[in-house]
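Peer 1: Please build the complete structure, drawing on both the sequences and the hints.
So the sequences go chain by chain: Y and E. Under our numbering, the first residue of the first sequence carries the number 0, and numbering increases by one thereafter. Under our numbering, the first residue of the second sequence carries the number 124, and numbering increases by one thereafter.
Since no wrong hints were added, every one of them can be taken at face value.
Computed from the model, here is a short list of chain E residues facing chain Y with C-beta under 7 angstroms: (1) 134; (2) 142; (3) 156; (4) 160; (5) 210; (6) 226; (7) 229; (8) 233; (9) 234; (10) 235; (11) 238; (12) 258; (13) 261.
These are calculated hints, taken from the structure and not from any lab test. Glycine residues also receive a C-beta, built at the ideal position from the N, C-alpha and C atoms.
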Amino acid sequence: MRLSRRDQVVLCAPLAVLLAGWLVGPAMLGLLATFTNYSPFTTGVRFVGLANYSAVVQDPQFSAAARNIAVFTAVAVPLELVTGFLIAYALREPLRGRAALRVLLLLPWLVSPIGSGVMWHYLFASTTGIAGYALGFFGISATSPLGDERLAPAVVMAVEVWRVAPFVAFLLLPGLVAIPRERWDMARVSGASSLRQIVDVALPSVRPLLLTVTMLLTGLSLGSFDAVLILTGGGPGNATMTPALYSYASAFETNDWRSGAASAWLIAAAVLAAGAVYVSLTRERDRE
Amino acid sequence: MRARIAFLAVALALFLLPLAWTVVAAFGIVPDNSARPPSWSGSFSFDHFAEVGLAEPAFWEELASSTVFAAAAALVTIAVSYPAAYALARSPVATRVVPVFVVLASLPAMAYVIPLSDVMRRAHLIDTAAGIILSEAAVTAPLAVYVLHGAIRQLSPSWEEAAVLDGAGMWRTLLFVALPLIAPSVVATAIVVFVIDWNLLLVPLVLTSGEIKTVPVAMSDFFTFERELEWPSAAAALTISLVPVALLVALFHRALQRFSLESAIQSSDE
Numbered sequence: 000m001r002l003s004r005r006d007q008v009v010l011c012a013p014l015a016v017l018l019a020g021w022l023v024g025p026a027m028l029g030l031l032a033t034f035t036n037y038s039p040f041t042t043g044v045r046f047v048g049l050a051n052y053s054a055v056v057q058d059p060q061f062s063a064a065a066r067n068i069a070v071f072t073a074v075a076v077p078l079e080l081v082t083g084f085l086i087a088y089a090l091r092e093p094l095r096g097r098a099a100l101r102v103l104l105l106l107p108w109l110v111s112p113i114g115s116g117v118m119w120h121y122l123f124a125s126t127t128g129i130a131g132y133a134l135g136f137f138g139i140s141a142t143s144p145l146g147d148e149r150l151a152p153a154v155v156m157a158v159e160v161w162r163v164a165p166f167v168a169f170l171l172l173p174g175l176v177a178i179p180r181e182r183w184d185m186a187r188v189s190g191a192s193s194l195r196q197i198v199d200v201a202l203p204s205v206r207p208l209l210l211t212v213t214m215l216l217t218g219l220s221l222g223s224f225d226a227v228l229i230l231t232g233g234g235p236g237n238a239t240m241t242p243a244l245y246s247y248a249s250a251f252e253t254n255d256w257r258s259g260a261a262s263a264w265l266i267a268a269a270v271l272a273a274g275a276v277y278v279s280l281t282r283e284r285d286r287e
Numbered sequence: 124m125r126a127r128i129a130f131l132a133v134a135l136a137l138f139l140l141p142l143a144w145t146v147v148a149a150f151g152i153v154p155d156n157s158a159r160p161p162s163w164s165g166s167f168s169f170d171h172f173a174e175v176g177l178a179e180p181a182f183w184e185e186l187a188s189s190t191v192f193a194a195a196a197a198l199v200t201i202a203v204s205y206p207a208a209y210a211l212a213r214s215p216v217a218t219r220v221v222p223v224f225v226v227l228a229s230l231p232a233m234a235y236v237i238p239l240s241d242v243m244r245r246a247h248l249i250d251t252a253a254g255i256i257l258s259e260a261a262v263t264a265p266l267a268v269y270v271l272h273g274a275i276r277q278l279s280p281s282w283e284e285a286a287v288l289d290g291a292g293m294w295r296t297l298l299f300v301a302l303p304l305i306a307p308s309v310v311a312t313a314i315v316v317f318v319i320d321w322n323l324l325l326v327p328l329v330l331t332s333g334e335i336k337t338v339p340v341a342m343s344d345f346f347t348f349e350r351e352l353e354w355p356s357a358a359a360a361l362t363i364s365l366v367p368v369a370l371l372v373a374l375f376h377r378a379l380q381r382f383s384l385e386s387a388i389q390s391s392d393e
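Peer 2: Here you go:
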């Protein structure tokens with residue numbers, strides 16, 4: 000149907016109002032405020048330049064958080080992609096009970112990030128947990144790895160992979176199912192191994208989809224908050240501190256609104272930078 | 124084939140064992156890790172589900188709030204996203220804008236909830252259903268626009284053109300011609316959006332002062348300095364909060380196969 004300019008405006012208006020009022024608008028106001036001494040409790044707002052940002056960047060707790068989230072994103076996102084891809088790959092061909100398997104393998108993603116934190120808190124505890132039970136057979140009393148500075152970051156990542164990989168599989172499956180049969184047959188006839196089939200047939204077909212999923216996972220990871228809040232609260236020490244936890248604690252717990260807002264915008268900047276790469280990659284592909 | 128089945132069996136065991144451990148604990152069966160060798164203790168009962176209401180007196184109310192907010196937010200999301208997705212799908216220039224919605228969908232709530240909470244407070248929308256519902260809808264709308272745009276792009280415009288030739292207006296065509304044709308995609312999107320909204324923590328957390336709570340907000344203070352919930356009660360609460368979304372997904376598993384992030388890209392390649 001041919002839409003006039005006016006039709007387009009009318010159709011997009013409700014979305015524009017919602018996003019302007021409840022997402023983009025507040026975000027932009029927040030950005031402006033970070034260059035001032037604004038907080039809900041100040042009177043007499045004045046321009047302070049980059050003072051809020053430099054205060055955040057110089058805080059050792061924030062640098063620890065930034066380092067942690069860089070490692071977290073670099074490790075967890077690829078693991079989520081690989082695990083999710085393998086599950087989707089295994090589910091791509093008809094199989095007895097596939098519909099049930101699809102639902103069952105999506106269950107971890109249906110648990111809220113905060114619920115997952117509550118659950119794994121107990122599952123890692125020595126008296127109620129899985130590891131405590133298994134190690135008990137060897138006569139070892141387990142202590143929670145969440146209290147160990149070296150183990151806690153790995154455990155937090157593993158829990159997040161457990162929750163997110165099923166969603167990745169859910170998102171990738173339609174792409175893998177849509178690959179025409181002939182392409183698999185051709186690869187099989189020419190004697191390609193499973194690995195070659197993945198590299199030559201599956202990956203090229205779902206590359207655009209993988210790009211979009213990677214963008215979503217990157218944003219999710221850079222904003223990690225709920226998943227860590229209960230599990231470790233950022234500890235022990237700062238071992239699992241994230242920028243989002245730092246930002247929340249600054250603004251709502253220690254009433255340092257300015258640091259909270261500025262550090263939150265640093266998260267937004269990181270996601271927008273990843274977003275710029277994503278948009279330019281999709282444009283490049285469109286031109287091909 | 125055999126390798127595939129073995130892989131799926133291992134994946135199923137790894138991904139579901141934690142949930143199974145939780146569900147049996149909700150029914151009172153817990154491990155005794157101090158015994159050598161470890162054993163199981165407790166007897167099967169439904170009591171722990173009732174205990175949730177004692178440990179967290181407002182739990183059932185919170186469950187109801189969560190359901191209403193998530194359902195309303197999903198409705199608002201679809202209502203504003205569908206017309207916009209349609210406009211984007213049927214105007215060639217707009218396709219370049221579409222990837223921006225993926226970036227918006229990736230933006231973590233923490234990036235903007237601090238100023239959002241301030242704006243909502245000034246607009247007197249703190250502790251109101253409207254404030255929570257609209258804020259949740261804004262979180263999920265970008266993803267919905269992207270997915271619905273893809274679904275509409277897959278649809279041949281000839282149906283709509285025929286309707287217009289018959290004298291149908293734009294809204295009539297949108298609601299009675301195009302919408303039924305992509306209904307499975309719309310249902311799938313609504314369910315995914317409902318699940319995301321149901322599980323949101325930060326947005327309802329910063330927009331409320333304790334008067335209304337959703338289940339995730341309540342869970343965020345299951346452990347405080349004063350208390351730590353007993354494992355079977357916490358397990359029961361977790362089980363209860365998982366059941367509604369699990370049922371929804373199981374009921375609509377066929378429609379959910381239409382939730383595709385890909386169609387948008389495929390059609391723009393043409």
